[in-house]
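Chains A and B are the protein sequences, given in the same order.
In terms of the working numbering, the first sequence opens at residue 1 and continues consecutively.
In terms of the working numbering, the second sequence opens at residue 267 and continues consecutively.
Please keep in mind that the hints were generated in silico from the structure rather than gathered at the bench.
There may be inaccurate statements among the hints.
Cβ-Cβ distance ranges computed for the label pairs, FRET-style [said to hold, decoys possible]:
id: 1; chain 1: B; residue 1: Phe482; chain 2: A; residue 2: Gln33; range: 29 to 39 Å
id: 2; chain 1: B; residue 1: Phe482; chain 2: A; residue 2: Ile235; range: 31 to 41 Å
id: 3; chain 1: B; residue 1: Val547; chain 2: A; residue 2: Gly163; range: 49 to 59 Å
id: 4; chain 1: B; residue 1: Glu571; chain 2: A; residue 2: Ser55; range: 53 to 63 Å
id: 5; chain 1: B; residue 1: Arg487; chain 2: A; residue 2: Lys158; range: 30 to 40 Å
id: 6; chain 1: A; residue 1: Ala226; chain 2: B; residue 2: Val547; range: 45 to 55 Å
Idealized CB from N, CA, C, for every residue including glycine.
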Amino acid sequence: MTHLFFSLTLGFYVCATAAYFACLFRTSAGLTQWASRLLATGCVAHILSTVHLASKAKHLPLTNMQESLSFFSLMIIVAFLIFERRYKVTTLGSFVTPVALMMLIGSSALHMELRQLPPILQSNWFWFHALLAFVSYAAFTIAFGVAVIYLIQRHFLKAKHFGVLFQRLPPLDTLDEISYRCLAVGFPLLTIAIISGAIWSEKAVGSYWVWDPKQTWSLITWLIYAALLHGRLTIGWRGKRAALLSIVGFTVLLITFFGMKHSITW
Amino acid sequence: MNIIVIGLSHKTATVEIRERVAFSPNLIEKPLRDLIALDEIIEGVIISTCNRVEIYATTRDIAGGIARIKRFLAEHHRIPLETLDPHLYSHHSEAAIRHVFRVASSLDSMIVGEPQILGQIKTSYGYAAEYKTSGIILNRFLHKAFSVAKRVRTETKIASSAVSVAFAAVELAKKVLGDLSDKTVMLIGAGEMCELAAKHFINSGAKGVMVTNRTFEKAERLAEEFCGEAVPFEEFLQHLHKADIVLSSTGAPHIIIGPKDVEDAVKRRRFKPMFFIDIAVPRDIDQKVDDVESAYLFTVDDLHEIVQANLAQRNLEAEKAEEIIDQEIGQFFKWLSSLEVTPTIVALRNRFDEIRRAELEKTCSNWKDLPSDAEKRLEALTMAFMNKLLHAPTTALKQAGQGGRVDLYVDALRQLFELEAAPEQNEELELEEG
Numbered sequence: 001m002t003h004l005f006f007s008l009t010l011g012f013y014v015c016a017t018a019a020y021f022a023c024l025f026r027t028s029a030g031l032t033q034w035a036s037r038l039l040a041t042g043c044v045a046h047i048l049s050t051v052h053l054a055s056k057a058k059h060l061p062l063t064n065m066q067e068s069l070s071f072f073s074l075m076i077i078v079a080f081l082i083f084e085r086r087y088k089v090t091t092l093g094s095f096v097t098p099v100a101l102m103m104l105i106g107s108s109a110l111h112m113e114l115r116q117l118p119p120i121l122q123s124n125w126f127w128f129h130a131l132l133a134f135v136s137y138a139a140f141t142i143a144f145g146v147a148v149i150y151l152i153q154r155h156f157l158k159a160k161h162f163g164v165l166f167q168r169l170p171p172l173d174t175l176d177e178i179s180y181r182c183l184a185v186g187f188p189l190l191t192i193a194i195i196s197g198a199i200w201s202e203k204a205v206g207s208y209w210v211w212d213p214k215q216t217w218s219l220i221t222w223l224i225y226a227a228l229l230h231g232r233l234t235i236g237w238r239g240k241r242a243a244l245l246s247i248v249g250f251t252v253l254l255i256t257f258f259g260m261k262h263s264i265t266w
Numbered sequence: 267m268n269i270i271v272i273g274l275s276h277k278t279a280t281v282e283i284r285e286r287v288a289f290s291p292n293l294i295e296k297p298l299r300d301l302i303a304l305d306e307i308i309e310g311v312i313i314s315t316c317n318r319v320e321i322y323a324t325t326r327d328i329a330g331g332i333a334r335i336k337r338f339l340a341e342h343h344r345i346p347l348e349t350l351d352p353h354l355y356s357h358h359s360e361a362a363i364r365h366v367f368r369v370a371s372s373l374d375s376m377i378v379g380e381p382q383i384l385g386q387i388k389t390s391y392g393y394a395a396e397y398k399t400s401g402i403i404l405n406r407f408l409h410k411a412f413s414v415a416k417r418v419r420t421e422t423k424i425a426s427s428a429v430s431v432a433f434a435a436v437e438l439a440k441k442v443l444g445d446l447s448d449k450t451v452m453l454i455g456a457g458e459m460c461e462l463a464a465k466h467f468i469n470s471g472a473k474g475v476m477v478t479n480r481t482f483e484k485a486e487r488l489a490e491e492f493c494g495e496a497v498p499f500e501e502f503l504q505h506l507h508k509a510d511i512v513l514s515s516t517g518a519p520h521i522i523i524g525p526k527d528v529e530d531a532v533k534r535r536r537f538k539p540m541f542f543i544d545i546a547v548p549r550d551i552d553q554k555v556d557d558v559e560s561a562y563l564f565t566v567d568d569l570h571e572i573v574q575a576n577l578a579q580r581n582l583e584a585e586k587a588e589e590i591i592d593q594e595i596g597q598f599f600k601w602l603s604s605l606e607v608t609p610t611i612v613a614l615r616n617r618f619d620e621i622r623r624a625e626l627e628k629t630c631s632n633w634k635d636l637p638s639d640a641e642k643r644l645e646a647l648t649m650a651f652m653n654k655l656l657h658a659p660t661t662a663l664k665q666a667g668q669g670g671r672v673d674l675y676v677d678a679l680r681q682l683f684e685l686e687a688a689p690e691q692n693e694e695l696e697l698e699e700g
């Protein structure tokens with residue numbers, strides 16, 4: 001069952017990503033609608049697949065890389081669908097769905113057997129920590145997509161290049177607002193995630209902060225986004241600088257997620 | 267009944283000729299009445315804009331009607347027909363329908379897709395409707411043209427992109443600032459284009475207007491017109507940070523806004539983007555302003571480039587519009603030919619009734635010892651006789667109306683029974699149905 005839903009999800013995401021790409025170059029209300037419908041259908045299949053997996057394993061599917069990638073991807077899609085409804089930014093999909101799709105493909109390439117849950121993970125603090133972390137990651141992924149579009153659109157405006165892509169991409173102001181929303185949601189969640197992670201660490205190994213690579217890199221990510229939010233709120237940082245910093249923040253986030261292993265879990 | 271179109275446009279006549287042939291909207295009543303007073307003409311509508319003058323009319327005699335209207339145009343404007351004729355085009359029947367559908371859909375406009383033409387035709391038609399010079403056919407015809415134009419607008423992207431410099435400026439500003447409804451415009455100088463652009467921005471929802479000018483009175487006057495605020499020219503840089511959109515077109519021989527001014531303004535507004543349009547020649551705003559973060563500077567040349575690109579796009583969309591028009595012509599033409607049926611039936615009936623009454627009266631007046639109830643009986647007899655005779659041809663004609671042989675029957679009947687044009691009251695009856 002999980003496998004069936006998972007395959008359906010993958011199929012729908014591939015079609016949706018293709019449709020969103022087409023949306024970059026063609027103005028068509030029908031196409032836009034189809035892209036969104038395909039993605040939403042894929043998202044439903046994804047949720048079913050995740051729920052099924054969770055009920056089989058009796059815990060949230062966040063315990064290994066395969067599960068985490070799939071969950072990360074799901075959170076990105078959910079976040080995007082919300083922003084798409086709110087701001088009518090179809091073209092953001094062309095930048096965000098490929099990221100989610102890659103993660104899902106990565107997840108499907110990994111084969112991990114369901115294993116007995118290590119005792120160290122049997123803590124409510126862990127689930128709380130992991131769940132919040134993924135929601136904040138999804139918000140930062142959207143912010144990343146928005147930052148990339150911002151830089152492209154800014155380039156078109158400064159170079160006075162008014163092509164098809166320029167017409168299709170959203171206004172700078174809208175991008176700026178979405179970016180701020182993502183930051184305003186993502187940053188507090190990341191903060192709580194890091195704190196709850198530290199509490200879990202204390203319960204598991206008896207120390208709040210063990211300076212393992214995962215914790216260190218998480219802190220770097222947090223500092224970058226803290227700087228971004230601080231700059232925005234105090235001197236009104238936006239535009240190119242904010243977009244670049246957002247891209248740097250996301251890169252560090254990916255390093256944290258993929259590259260750094262918890263010394264205490266696996 | 268045939269629809270004919272006679273006219274001239276920017277494609278066939280220079281502005282000098284068009285000016286001489288134009289009809290003033292204030293004085294349109296007389297020419298409209300003169301037009302339908304012509305023998306050959308039944309209904310008439312006069313369209314007069316700065317780019318075209320056209321007369322739409324219905325007639326029974328196509329060649330005669332067209333020639334008469336050409337003469338009418340020449341006589342009315344006191345231009346020799348030889349001078350005017352080379353500029354005039356004329357269409358009839360299907361070609362006339364196509365022409366008017368294309369004009370209303372703005373496919374024949376100087377700038378394809380420009381929206382004004384439809385409104386102008388509606389106004390012109392309004393006069394004809396007011397003075398009752400348009401009747402059942404032209405009423406239906408023009409309403410159909412309006413709905414075709416609407417279909418073209420909604421189903422193609424012919425009018426979706428900006429093709430005027432002022433409108434292109436608004437579209438561009440939206441790409442930077444998003445929604446314009448809480449934005450403030452600053453107007454520097456008082457060029458015509460600048461005012462036009464300001465109007466477009468206000469129509470798009472811009473909230474505040476600041477006006478500055480070397481002559482403060484001019485600034486005040488313009489500010490009043492836009493319900494805005496006049497700013498003395500010496501102080502405008504202190505107010506720059508309040509503006510989201512800056513439109514500049516002074517006659518100054520040198521730069522009046524430099525990068526340093528903009529940097530300060532941008533900092534004061536916490537890097538909220540600023541949108542500059544420089545319409546002046548020589549330039550008012552230093553090109554380096556564009557290098558300032560959060561400042562976006564565009565010149566008239568940039569706007570022209572957008573307009574050119576959009577025009578090319580429109581011409582592509584025009585092809586789709588032609589397909590829509592093709593479909594609609596077929597439908598309208600079918601209605602037009604079926605229209606002949608009812609008046610012909612009525613005319614035929616009237617003709618028969620006329621003869622019956624005449625003969626009845628002749629008989630009765632010569633009949634000396636006519637019994638008291640005989641007149642009634644004779645009336646009933648002749649009525650029954652007439653109705654029986656007419657029953658078959660009437661049914662045949664009505665059925666033909668749903669098929670396609672209408673013209674043939676109608677023409678035959680008209681010739682065989684020497685029928686006149688449709689009676690007046692019948693038109694109103696049909697109008698209510700339509």
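The hints, checked one at a time:
no. : hint                            : verdict
1   : B:Phe482 - A:Gln33: 29 to 39 Å  : violated (54 Å)
2   : B:Phe482 - A:Ile235: 31 to 41 Å : holds (35 Å)
3   : B:Val547 - A:Gly163: 49 to 59 Å : violated (27 Å)
4   : B:Glu571 - A:Ser55: 53 to 63 Å  : holds (59 Å)
5   : B:Arg487 - A:Lys158: 30 to 40 Å : holds (36 Å)
6   : A:Ala226 - B:Val547: 45 to 55 Å : holds (49 Å)
Violated hints, listed in ascending order, are 1 and 3; each of the other numbered hints is respected by the structure.
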